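S.K.: Sequence:
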Amino acid sequence: MGEQIFESFSHRWTCIYIVDFLLENNIDTVVVDNLVTGYEYNIPSKVAFYHFDIRDPNIDKIFMAEKPDFVIHQAAQVSVQESVKKPFYDYSENVMATVNILQACIKYNVKKIIYASTAAVYGNPQYFSIDENHVLNPVSFYGLSKLTSEAYIQLFAKLYGLKYTILRYSNVYGTRQNTDGEAGAVSIFIDCLLKNDSPII
76 MGEQIFESFS HRWTCIYIVD FLLENNIDTV VVDNLVTGYE YNIPSKVAFY
126 HFDIRDPNID KIFMAEKPDF VIHQAAQVSV QESVKKPFYD YSENVMATVN
176 ILQACIKYNV KKIIYASTAA VYGNPQYFSI DENHVLNPVS FYGLSKLTSE
226 AYIQLFAKLY GLKYTILRYS NVYGTRQNTD GEAGAVSIFI DCLLKNDSPI
276 I
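If you read the sequence shown in the working numbering, its first letter stands for residue 76, the second for the next number, and so on.
It should be emphasised that the hints constitute simulated quantities derived from the structure, not laboratory data.
It is possible that part of the hints are untrue.
[What the hints assert, rightly or not] Within a straight-line C-alpha distance of at most 27 angstroms, the following computed BS3-like cross-link-like pairs (lysine-lysine) qualify:
#1 K121 <-> K160
#2 K142 <-> K186
#3 K270 <-> K142
#4 K233 <-> K270
#5 K186 <-> K136
#6 K136 <-> K187
#7 K186 <-> K233
#8 K233 <-> K136
#9 K187 <-> K233
#10 K121 <-> K142
#11 K186 <-> K270
#12 K238 <-> K187
#13 K182 <-> K238
#14 K136 <-> K238
#15 K186 <-> K121
#16 K238 <-> K270
#17 K187 <-> K121
#18 K238 <-> K142
#19 K136 <-> K121
#20 K233 <-> K182
[Claimed, not checked] Just the calculated beta-carbon pair ranges, DEER-fashion:
#21 E207 <-> S120: 37 to 45 angstroms
#22 S120 <-> G77: 17 to 25 angstroms
#23 D266 <-> L230: 21 to 29 angstroms
#24 I276 <-> P132: 42 to 50 angstroms
It should be emphasised that the depicted structure is a prediction, and the values quoted were computed from it without experimental measurement.
All C-beta atoms, glycine included, are put in the ideal place defined by N, C-alpha and C.
Please build the complete structure, drawing on both the sequences and the hints.
M.R.: Encoded structure:
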């Protein structure tokens, strides 16, 4: 039996690409999503799907049943504006959910977690191009919740030996990306230009 991947899903286009890649490489994939921002028909039929809120402590039951080797944690509240309006909601969706997954990872001997963070952990850039030595100074609750989750992951690694990779996404773009909302500046600008509209900067 091959290795299995558990992915917390958020219906961002990046999640769909990840699942496509895993399936193309014949990797058993488990997807968990509460479907707050998406629809089940977007999830490939070849994956094991759980309609579930990753903040729920009963996530243990999924880990027990599926026994994933790796976790790709993509699910999150990703709106900076929403985080400022509803800081507890942002904390709950990002920090509480991450800690819940981390506890399950330790309990069920997950080998590694890959975490989708954000360049918002840096705050206002002090220089370009930003590198990993840049000061961490988030200016939104979204950035703070992501940085806090990073700290939890790093401490879980130190205390329990959980391996991890943290990806600080910044203006990721590609096909299938939603051009509505505040995120995805590159795709939003390209969409405007294709429509002969002037992008708002």
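S.K.: So, for every hint listed, does it hold in this structure?
M.R.: Structure-based check of each hint:
no. : hint                              : result
1   : K121 <-> K160                     : 38 angstroms, violated
2   : K142 <-> K186                     : 11 angstroms, holds
3   : K270 <-> K142                     : 47 angstroms, violated
4   : K233 <-> K270                     : 50 angstroms, violated
5   : K186 <-> K136                     : 18 angstroms, holds
6   : K136 <-> K187                     : 19 angstroms, holds
7   : K186 <-> K233                     : 14 angstroms, holds
8   : K233 <-> K136                     : 26 angstroms, holds
9   : K187 <-> K233                     : 13 angstroms, holds
10  : K121 <-> K142                     : 18 angstroms, holds
11  : K186 <-> K270                     : 46 angstroms, violated
12  : K238 <-> K187                     : 5 angstroms, holds
13  : K182 <-> K238                     : 14 angstroms, holds
14  : K136 <-> K238                     : 22 angstroms, holds
15  : K186 <-> K121                     : 23 angstroms, holds
16  : K238 <-> K270                     : 45 angstroms, violated
17  : K187 <-> K121                     : 23 angstroms, holds
18  : K238 <-> K142                     : 17 angstroms, holds
19  : K136 <-> K121                     : 21 angstroms, holds
20  : K233 <-> K182                     : 15 angstroms, holds
21  : E207 <-> S120: 37 to 45 angstroms : 39 angstroms, holds
22  : S120 <-> G77: 17 to 25 angstroms  : 19 angstroms, holds
23  : D266 <-> L230: 21 to 29 angstroms : 40 angstroms, violated
24  : I276 <-> P132: 42 to 50 angstroms : 44 angstroms, holds
In this structure, the hints that do not hold are numbers 1, 3, 4, 11, 16 and 23, in rising order.
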